[in-house]
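Work out the full structure: start from the sequences and follow the hints.
In order, the protein sequences belong to chains A and B.
Taken in order, the first sequence gives residues 79 to 222; the numbers are from my numbering.
Taken in order, the second sequence gives residues 355 to 532; the numbers are from my numbering.
What the hints contain is simulated information worked out from the structure, not anything from laboratory work.
One or more of the hints may lead you astray.
Unchecked claim - Rough simulated footprint, nothing fancy, chain A against chain B, three-plus residues with beta-carbon under 8 Å:
hint	region
1	399-411
2	464-476
3	511-523
As the list claims (entries may be wrong) - Heads up, simulated DSS-like pairs for lysine-lysine below, C-alpha to C-alpha not over 27 Å straight-line:
hint	chain 1	residue 1	chain 2	residue 2
4	A	Lys152	B	Lys424
5	A	Lys218	B	Lys487
6	A	Lys152	B	Lys487
7	B	Lys403	B	Lys459
8	A	Lys218	B	Lys435
9	B	Lys491	A	Lys152
10	B	Lys459	B	Lys435
11	B	Lys444	B	Lys487
12	A	Lys117	B	Lys488
Just so it is clear, the structure is predicted and the values come from calculations on it, not from any experiment.
We put the CB at the ideal spot given by N, CA and C, even for glycine.
One letter stands for each residue in the lines below.
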Amino acid sequence: MKKMSFIIALLAAATVLSGCAVNRATATVDPSADFSALKTMHVVKIPEENAGIDNLIADDLRRRGYTVTTGTDKPTNVDAIVTYVDRWMWDITMYLLELTVMIRDPQTDFPVATGNSLHTSLTRKSPPEMVDEVMTNIFKEQQK
Amino acid sequence: MNAHRIFSPILCAVVALAITGCATPANKEAMTVTGIQIARQHDGSVSVKTSGGVETGAMDSSSISNADFKSAIEASITQNKAFKSVMQGKDANYELLVSIMQLDKPVFGLTFTVNLEATWVLVKLDDRSVAMKKTIKSSHTATVGDAFAAVTRLRLAVEGAAKKNIEQGLQEIGALSL
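This is the structure in structure tokens:
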């Protein structure tokens, strides 16, 4: 009887926990966006963010051929401003749960593209992997 | 046989399942705007396209699907007479493109504030000129008083943010001289 109740509890826990692996990666690009006209970008660093997400995004954009600067300011003498929102969770260790990156018109702050990546603990990804996933999806979407 | 030892783990499992629950998507009726005053009601027809929405998975948190957001916007336009009619396809006078760029949802808490940023672009189809291109940010907070279950509270906050975004979008359209 003890064994049976343990098995029942285990099955119930598995039912609850197995559904908790959520993975999502999306990208939306404004139809009028022309990425070929973009040469310079500035990643706006969140002042209190210390995981280096701004540098990861900047490095990714540089690999794609853009001239990129980072900083907490929002200059207007660039072709695009890049903002991001990172959400972290704790599960034994801290991990990056969700990352949203937006590319904006520096004059109007209009978002011309956005990408989002969400991976819960059981299927967590490293910050560089999340950044790569988000940016790849944005650039894939704009080529459609 | 000790009944307590048999039923305790079963009871714990049942409670866990009850608390976890399953998220439901934002409801299109709950996102529909009714009874607002719009500065100007435009002649002509409009077709609506949405993007950036996502379907709500079984263990995901409430999201807004493209189809439901489109339906809510169409119903809001109709009920508030923002345009003479809503059409499907490319035969309308105008095309309204609404893209969800960011839906910022909290993970846990007693009070849920959801922030939504969407772009609203209105295009005149005969010459493809852009009549309006705006970013609309909206926010809605749901408390324990609105719903005890976290999944419901979050859904209410998402629906509220979407509804406010649609209302602001219609007001911006009403301010245009087309």
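Hint by hint, here is what the structure shows:
1. 399-411: That given contact holds, which follows from 4 residues of the region 399-411 of chain B lying within Cβ reach (below 8 Å) of chain A.
2. 464-476: Result for this restraint: holds, n = 3.
3. 511-523: Contact hint for the region 511-523 of chain B vs chain A: violated, 0 residues under 8 Å.
4. A:Lys152 <-> B:Lys424: Violated, at about 33 Å.
5. A:Lys218 <-> B:Lys487: holds, 24 Å
6. A:Lys152 <-> B:Lys487: Roughly 21 Å separates the two Cα atoms, so the pair holds.
7. B:Lys403 <-> B:Lys459: holds, 23 Å
8. A:Lys218 <-> B:Lys435: violated, 38 Å
9. B:Lys491 <-> A:Lys152: Status holds; Cα separation ~19 Å.
10. B:Lys459 <-> B:Lys435: Violated, at about 31 Å.
11. B:Lys444 <-> B:Lys487: holds, 19 Å
12. A:Lys117 <-> B:Lys488: holds, 24 Å
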